[in-house]
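Residue-level listing of the chains:
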Amino acid sequence: MPLPKWELASGDAASCPSCGSRNTVRLFPAALAEAGAAHAETALDGEAACFDHPGKRAVSACQQCGRFVCQLCAVEFGTAVWCPSCVAASSGKARTVHSETSRMLYDTWALTVPFALLIMWPLTILSAPAVLALAIMKWRSPLSLVRRTRWRFAAGLGVALLQGGLWLWGIWYVVAKARSGA
Amino acid sequence: MAKENRERYRRLPGRRRGFLFGSSVWVGQDHLLLVKSARFREEYKRFFFRDVQAIVTAEAVRFHLSTRAAAIGAVWSVAFAIAYLAPGTPVAWKWVLGLAGLMLAVAWGIVSAAGSCRARLYTAVSSEELPSVYRRWTARRFLAKVEPLLTQAQGSVEGPWAEAVEEKQIGPVPEGRRGLAMPPGATLAAASAAPPRARTSRTGISFLFVASLVLGGLTELVTMRAAASTGRWILLGSLLLQILTSVAVLVQNYMGRLRAGMRNLAIVTLAANGVWYYAVQVGAGIAMGMQNATAKNPAALQVQPMTLLNYPLARGIAGGMGLVLGVVGVILLLRGDERGNDGLTPRGEVDLSGGAG
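These protein sequence lines map, in sequence, to chains A and B. In short: position in the first sequence from 1, add 719, done, that's our numbering. In short: position in the second sequence from 1, add 11, done, that's our numbering.
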């Protein structure tokens with residue numbers, strides 16, 4: 720069922736004549752722009768040419784490796800331009816916030832595992848050293864793109880230390896008891 | 012360790028916090044960042060300001076149980092259990108807490124049914140749902156923050172644009188049914204002629220499912236203080252019917268005959284029954300522990316697990332729960348049939364060129 724156009728045009732919102740639900744539409748000029756494919760122009764004599772396409776005119780230089788790139792090869796990330804090779808290699812600055820699509824949250828692992836395994840507490844004898852190792856090894860690894868602090872690492876480390884300490888104390892206590900009994 | 016060229020992000024209104032999955036939208040220097048988290052992993056999608064074609068919000072029923080709502084429910088459950096089990100608690104307190112719980116549940120149901128929405132963001136190559144924007148007031152605040160940024164980057168569309176987009180393709184090229192997109196050159200008539208799959212909340216199974224919730228809830232409440240054996244059979248019969256019809260609703264939704272709202276209600280029903288069962292076990296265990304502490308002959312207090320379900324409190328909570336869910340089901344039934352293009356967005360799809368809902 721079409722949305723009434725007069726309503727959309729006047730208020731960017733319309734009620735569906737069928738189900739009555741109110742739909743709000745915010746349209747931006749990109750929707751009306753003509754989509755045009757990138758065309759690399761042919762390089763004339765004396766003009767800088769693309770590294771990968773010697774016959775095409777260079778429009779920019781890769782900010783990672785410095786190679787010239789044509790319109791077709793220029794990959795924009797924010798204000799920077801890279802060549803496809805650097806993007807594919809994901810090296811150096813290409814591995815920035817602009818190209819990452821996922822991250823493993825080691826700090827969440829470090830915080831969750833010690834608490835979750837309290838349900839099966841005997842397993843904490845294994846998880847405590849494992850979490851300690853994880854927290855120390857991954858302390859400097861990148862966190863979430865949108866998180867700022869490492870408190871999860873610190874908290875997980877603290878809990879794992881406590882669990883490990885309790886295990887050591889328990890083992891020491893049992894051994895001491897056994898010796899005194901003998 | 013890779014050297015990080017860190018960009019500062021600011022969180023936009025709206026955050027979906029689930030037990031396993033979450034979502035939020037952040038704004039960077041020149042783009043929006045959609046973050047979808049699955050507990051130990053985050054996935055990111057970027058939408059540059061200059062590329063966003065449209066943001067559409069549409070009314071929808073969203074029965075999302077956030078971790079915050081679950082925490083409130085847990086606090087209430089503990090308070091209610093303590094008030095009910097602790098000796099000497101005034102009856103008025105029990106009533107107040109009971110009513111408070113009922114009001115919380117009803118408020119959640121009303122907000123989920125009448126105050127929720129779906130939001131979708133379109134670029135030339137993608138059509139992405141924004142799970143974090145699922146309440147209408149959040150959608151308003153989200154748009155109020157985002158619109159100026161996009162307008163600053165792109166300018167604004169002047170004049171009536173509804174006519175202008177008639178022959179435009181908004182969003183990605185459609186592979187099937189989903190999206191705002193229209194094939195190049197497609198017309199309004201062609202879009203309207205395409206037969207969308209009918210999706211409804213009204214089938215025999217859904218009626219039976221809602222009836223089992225409402226009648227089961229009422230029966231349990233009415234017979235809350237009936238004899239233990241009678242109450243147990245009523246409770247178990249009602250639970251069995253609810254579970255069977257919930258499964259049937261899930262099957263019908265999978266076969267494409269029922270809308271997502273009813274499916275969500277079935278999922279909530281199954282989950283609520285599971286939580287209720289374990290809560291009863293734990294609550295009764297605590298009560299027995301307290302009694303054991305003061306009893307002269309603790310052995311006499313041993314109770315079989317099945318008989319714990321006979322407690323009037325347990326049956327009362329099950330009845331209230333069934334009634335609230337049943338009311339939500341009745342609302343879903345009353346909202347009537349719809350003809351949607353997509354099971355994921357039964358109310359949310361807006362075809363600028365063709366149709367909606």
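Everything labelled a hint here was simulated from the structure, so no lab data went into it. No residue lacks a Cβ here, since even glycine has one placed at the ideal position from N, Cα and C. Watch out, some of these pointers could steer you wrong.
To be verified - In silico SDA-like cross-links for lysine to any residue, where the CA-CA straight-line distance does not exceed 25 Å:
1) B/Lys105 - B/Ile278
2) B/Lys47 - A/Ser821
3) B/Lys47 - A/Gly785
To be verified - With the C-beta cut set under 7 Å, the calculated list includes, among others, these residues of chain B facing chain A:
4) Val46
5) Lys47
6) Asp62
7) Val63
8) Met114
9) Gln165
Said to hold, decoys possible - Examples of chain A residues lying across from chain B (beta carbon under 8 Å, computed):
10) Ser740
11) Leu751
12) His772
13) Ser804
14) Glu819
15) Met823
16) Trp840
17) Pro841
18) Ser863
19) Leu864
20) Thr868
21) Trp870
Comparing the hints with the structure gives:
1. B/Lys105 - B/Ile278: Cα-Cα ~29 Å, so violated.
2. B/Lys47 - A/Ser821: Holds. B/Lys47 to A/Ser821 sits at ~9 Å (cutoff 25 Å).
3. B/Lys47 - A/Gly785: violated, 35 Å
4. Val46: With a minimum Cβ separation of about 6 Å from chain A (threshold 7 Å), the hint on B/Val46 holds.
5. Lys47: violated, 9 Å
6. Asp62: holds, 6 Å
7. Val63: With a minimum Cβ separation of about 6 Å from chain A (threshold 7 Å), the hint on B/Val63 holds.
8. Met114: Check failed: Cβ of B/Met114 comes no nearer than 27 Å to chain A, outside 7 Å.
9. Gln165: Nearest chain A Cβ about 5 Å off; hint holds.
10. Ser740: holds, 4 Å
11. Leu751: holds, 6 Å
12. His772: Because about 24 Å separates A/His772 from the closest Cβ in chain B, which is outside the 8 Å limit, the hint is violated.
13. Ser804: At 18 Å from the nearest chain B Cβ, A/Ser804 fails the 8 Å test, so the hint is violated.
14. Glu819: holds, 6 Å
15. Met823: holds, 6 Å
16. Trp840: violated, 18 Å
17. Pro841: With a closest approach of 22 Å, the A/Pro841 hint is violated.
18. Ser863: holds, 5 Å
19. Leu864: With a closest approach of 6 Å, the A/Leu864 hint holds.
20. Thr868: Violated. Min distance 13 Å.
21. Trp870: Violated: closest Cβ of chain B sits about 17 Å from A/Trp870, beyond 8 Å.
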